[in-house]
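**Q** Below are the chains, spelled out letter by letter.
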Amino acid sequence: MASSQRFAGISLWAGVALIAVSVYFFLASVSLISPPAVAVVAGLLSAVIGFVMLSAGTALIRTYVIARAVEQNPEKK
Amino acid sequence: MVAVPTRYVNRQALTYYLLALPAIVLEAVFSLGIASNPQNALSSGAGAFAPIIQYLPWVIVGLSFYALVAFRPSILVSLLTASFFISAITNSQAGALGVQGGFGLSVALVIVTTFSALIGFNYSRGAKVRSGRDLRIESRGPLGSQVVSTGFEFVLPLIITLAMVALVSGVVGAIKLQTQVLPEPLSTLSSLYLKTRFGLVFITIAVAGALIWATRQLLEPIILYFTITHHDAISLALDEVQDITKKVRKEARRKPSAGLSRLIFAILVGVGVVALAVQTLGGQAVYNDLMSVLSYHAPRPSSTESNLANAANNYASVFAGYLNQGEQFLRTLFRILWG
Numbered sequence: 001m002a003s004s005q006r007f008a009g010i011s012l013w014a015g016v017a018l019i020a021v022s023v024y025f026f027l028a029s030v031s032l033i034s035p036p037a038v039a040v041v042a043g044l045l046s047a048v049i050g051f052v053m054l055s056a057g058t059a060l061i062r063t064y065v066i067a068r069a070v071e072q073n074p075e076k077k
Numbered sequence: 078m079v080a081v082p083t084r085y086v087n088r089q090a091l092t093y094y095l096l097a098l099p100a101i102v103l104e105a106v107f108s109l110g111i112a113s114n115p116q117n118a119l120s121s122g123a124g125a126f127a128p129i130i131q132y133l134p135w136v137i138v139g140l141s142f143y144a145l146v147a148f149r150p151s152i153l154v155s156l157l158t159a160s161f162f163i164s165a166i167t168n169s170q171a172g173a174l175g176v177q178g179g180f181g182l183s184v185a186l187v188i189v190t191t192f193s194a195l196i197g198f199n200y201s202r203g204a205k206v207r208s209g210r211d212l213r214i215e216s217r218g219p220l221g222s223q224v225v226s227t228g229f230e231f232v233l234p235l236i237i238t239l240a241m242v243a244l245v246s247g248v249v250g251a252i253k254l255q256t257q258v259l260p261e262p263l264s265t266l267s268s269l270y271l272k273t274r275f276g277l278v279f280i281t282i283a284v285a286g287a288l289i290w291a292t293r294q295l296l297e298p299i300i301l302y303f304t305i306t307h308h309d310a311i312s313l314a315l316d317e318v319q320d321i322t323k324k325v326r327k328e329a330r331r332k333p334s335a336g337l338s339r340l341i342f343a344i345l346v347g348v349g350v351v352a353l354a355v356q357t358l359g360g361q362a363v364y365n366d367l368m369s370v371l372s373y374h375a376p377r378p379s380s381t382e383s384n385l386a387n388a389a390n391n392y393a394s395v396f397a398g399y400l401n402q403g404e405q406f407l408r409t410l411f412r413i414l415w416g
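Residue numbers (the numbering used here), protein chains in the order written: chain H, 1 to 77; chain S, 78 to 416.
Heads up, a few of these hints could be off.
[What the hints assert, rightly or not] Derived CB-CB ranges, DEER-like: (1) H:Val-21 - S:Asn-401: 40 to 50 angstroms; (2) H:Gly-9 - S:Met-368: 44 to 54 angstroms; (3) S:Asp-309 - H:Val-16: 18 to 28 angstroms; (4) S:Gln-319 - H:Tyr-24: 28 to 38 angstroms; (5) S:Val-348 - H:Ile-10: 25 to 35 angstroms; (6) S:Trp-415 - H:Val-52: 50 to 60 angstroms; (7) S:Ala-240 - H:Val-21: 16 to 26 angstroms; (8) H:Val-21 - S:Ala-386: 52 to 62 angstroms; (9) H:Val-52 - S:Ser-338: 24 to 34 angstroms; (10) S:Arg-293 - H:Val-21: 44 to 54 angstroms; (11) S:Thr-306 - H:Ile-10: 18 to 28 angstroms.
Hints are computed from structural coordinates only; laboratory data are not their basis. Where is the CB? At the ideal position from N, CA and C, for every residue including glycine.
Based on the provided sequences and hints, a complete structural model is requested.
**A** Structure (structure tokens):
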């Protein structure tokens, strides 16, 4: 039980880290589009990477929430 | 006297009707606009379908009333979208009540009424569940709790809707500005595409869809954390595990695992690509490019990259010159042949 809780915790923090990285890529996308860089294709690619990271991060957090609910005592909730 | 089933007249049902009614009103406005300007239907290139396009919106309004009474708000939203598309195709201005910048106003109204109808979906479910049965227990709580509850039910979704509308407008406006920065002919093509109604509608829908998807991705785990029960969690977890397990078993039956050979091959290819880049561009340039990933600034191109870029631009200019000459030749030929 201790090892499965540790694994679930890693899942949560990995998800949060991925969401933080996705925010970075969204900011980079805006920065690449704004003057003086004005690299539209690079900006779009950065936005796509950001969306993929966001999807992966939220999927990990969702898995953590479900695993935590499964591990809980059914009488608690 | 005909007895009206109680599921149509209870409190949840009346709230649902009020929330879904703006969608039907908007459809009627679009239909009036199309009916009052029949020449637009003809000039929109509809051809033989012009009479159908003129009367189709009224059919949609009729079907929407049916969807309202049958507690099917998803069908109502689909019909509203179809009505808006027909109005956009026929270039009707009445959807915006004849005001300047009417198309944008129509889009905003469609989004707001769609969200309103979807909020009403919750109440329609409550009305269906009650369906002729009396409430055994009803708790109201103190006034403050009722205000907070009403705020969460009505005010918060409306605020989120308006924020989404503003965000979508901002993003679409930014996209329009960025199309002017693209190289030719992409700049001209994308600017022309965004000037058409189809292009603007599809881009707006794509941006709105992406924003709603991102919002849902962020909100879903939070809502699950506070609402999911033990049994629901087991059922969700089993669904996900079963899906992956089936795929893995099917894949293992078709071809057994290749072991570490593919991983080793992938690592060797990666090392080979990096070695080639270092040999071609130089170690410092590769290092600068990799470090620029961690900063917000575009990497400075190395001399080799600049030379390659200049050579590509030169080839593109030469090719564009040949195309221009060919176009001039064809224009002269057509002028000679047809005057």
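**Q** Cβ-Cβ distance between Val-21 (chain H) and Asn-401 (chain S): within 40 to 50 angstroms?
**A** Because 46 angstroms falls inside the window, the suggested range holds.
**Q** Within 28 to 38 angstroms or not, the Cβ separation of Gln-319 (chain S) and Tyr-24 (chain H)?
**A** holds, 35 angstroms
**Q** A range of 52 to 62 angstroms was offered for this pair. Does it hold for the Cβ distance of Val-21 (chain H) and Ala-386 (chain S)?
**A** violated, 30 angstroms
**Q** Could you check the hint for me, namely that Thr-306 (chain S) and Ile-10 (chain H) are 18 to 28 angstroms apart, CB to CB?
**A** The hint (18 to 28 angstroms, Cβ to Cβ) holds, given that Thr-306 (chain S) and Ile-10 (chain H) are roughly 25 angstroms apart.
**Q** Could you check the hint for me, namely that Arg-293 (chain S) and Val-21 (chain H) are 44 to 54 angstroms apart, CB to CB?
**A** violated, 20 angstroms
**Q** Do the beta carbons of Ala-240 (chain S) and Val-21 (chain H) sit within 16 to 26 angstroms of each other?
**A** holds, 25 angstroms
**Q** With respect to the beta-carbon atoms only, verify the hint that Val-52 (chain H) and Ser-338 (chain S) lie 24 to 34 angstroms apart.
**A** holds, 28 angstroms
**Q** Between Asp-309 (chain S) and Val-16 (chain H), does the C-beta distance stay in 18 to 28 angstroms?
**A** The hinted range 18 to 28 angstroms holds for Asp-309 (chain S) and Val-16 (chain H), with Cβ atoms some 24 angstroms apart.
**Q** Determine whether the Cβ-Cβ distance between Gly-9 (chain H) and Met-368 (chain S) falls within the hinted range of 44 to 54 angstroms.
**A** violated, 32 angstroms
**Q** Is 25 to 35 angstroms a correct range for the gap between the Cβ atoms of Val-348 (chain S) and Ile-10 (chain H)?
**A** 29 angstroms Cβ-Cβ, so the 25 to 35 angstroms window holds.
**Q** The hint says 50 to 60 angstroms between Trp-415 (chain S) and Val-52 (chain H); measuring C-beta to C-beta, is that right?
**A** Holds: the Cβ-Cβ distance is about 54 angstroms, inside 50 to 60 angstroms.
Of the numbered hints stated above, those contradicted by the structure are hints 2, 8 and 10, listed in ascending order.
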